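Each residue of the sequence shown is one higher than the one before, counting from 101 in our numbering.
Please keep in mind that the hints were generated in silico from the structure rather than gathered at the bench.
Heads up, a few of these hints could be off.
What the hints assert, rightly or not - The list that follows gives simulated cross-link-like pairs (lysine to aspartate or glutamate, EDC-like), each with its CA atoms no further than 16 Å apart:
#  : residue 1 : residue 2
1  : Lys145    : Asp177
2  : Lys145    : Asp223
3  : Lys132    : Glu212
4  : Lys116    : Glu148
5  : Lys145    : Glu199
6  : Lys132    : Asp191
7  : Lys129    : Glu212
8  : Lys116    : Glu221
9  : Lys145    : Asp117
10 : Lys219    : Asp251
11 : Lys116    : Glu199
12 : Lys219    : Glu110
13 : Lys116    : Glu218
14 : Lys244    : Glu148
15 : Lys116    : Asp223
16 : Lys169    : Glu148
17 : Lys244    : Glu218
18 : Lys188    : Asp209
19 : Lys247    : Asp127
Stated by the list, open to error - Ranges between beta-carbon positions, derived for each pair:
#  : residue 1 : residue 2 : range
20 : Glu218    : Pro187    : 34 to 40 Å
21 : Lys219    : Tyr168    : 32 to 38 Å
22 : Pro153    : Leu236    : 29 to 35 Å
Bear in mind that the values here come from a model prediction, so they are computed numbers and not experimental data.
We put the beta carbon where it would ideally sit given N, CA and C, even for glycine.
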Amino acid sequence: MIILIAAIAENNTLGKDNQLVWHLPNDFKRFKELTSNHYIIMGRKTFESFPKPLPNRTHVIITRQSDYKAAGCIVADSIENAIALCPKTGDIFVIGGGEIYNLAMPFADVIEITRVHEKFEGDAFFPEINPNEWLLVESEPNSKDEKHAYDYTYETYVRA
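Using the sequences and the accompanying hints, generate a full structural model.
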């Protein structure tokens, strides 16, 4: 299965200047639980925003740079090639950024969203989730607290 996973604001903002604009520790924990021991597909800028590769995951990086290398990672030149380089068994997670989500949307089976209940300025956005194509099957609201400055909801969509 191909799964898009993202934290997005009410206005579909993903981030600004290649960074998240909020801090939700429970969302990081959920992301780690869902993606560990799986292949994760991302754009080069998303990969380069990490201090080091994420542990216990196989990184597939999409870039137009034909000579791009990243130690221990797989490099592809398109979303189609990135998907083809992943095993056909097991889940594949697409983790961003905005351009990669747009390219991956037609191939996705599931979307895992953490919807942050606030609007933020940004320069990267998640594509609109078309209600004619996607069915919300799970919704788990979470309230802000001492570690989370915003209310947020985990949402799971499946292709209709």
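How the hints compare with the structure:
no., hint, result
1, Lys145 <-> Asp177, "holds, 14 Å"
2, Lys145 <-> Asp223, "holds, 13 Å"
3, Lys132 <-> Glu212, "holds, 13 Å"
4, Lys116 <-> Glu148, "holds, 14 Å"
5, Lys145 <-> Glu199, "holds, 10 Å"
6, Lys132 <-> Asp191, "holds, 14 Å"
7, Lys129 <-> Glu212, "holds, 14 Å"
8, Lys116 <-> Glu221, "holds, 7 Å"
9, Lys145 <-> Asp117, "holds, 10 Å"
10, Lys219 <-> Asp251, "holds, 12 Å"
11, Lys116 <-> Glu199, "holds, 14 Å"
12, Lys219 <-> Glu110, "holds, 5 Å"
13, Lys116 <-> Glu218, "holds, 15 Å"
14, Lys244 <-> Glu148, "violated, 30 Å"
15, Lys116 <-> Asp223, "holds, 5 Å"
16, Lys169 <-> Glu148, "holds, 12 Å"
17, Lys244 <-> Glu218, "holds, 11 Å"
18, Lys188 <-> Asp209, "holds, 14 Å"
19, Lys247 <-> Asp127, "holds, 11 Å"
20, Glu218 <-> Pro187: 34 to 40 Å, "holds, 37 Å"
21, Lys219 <-> Tyr168: 32 to 38 Å, "holds, 34 Å"
22, Pro153 <-> Leu236: 29 to 35 Å, "holds, 32 Å"
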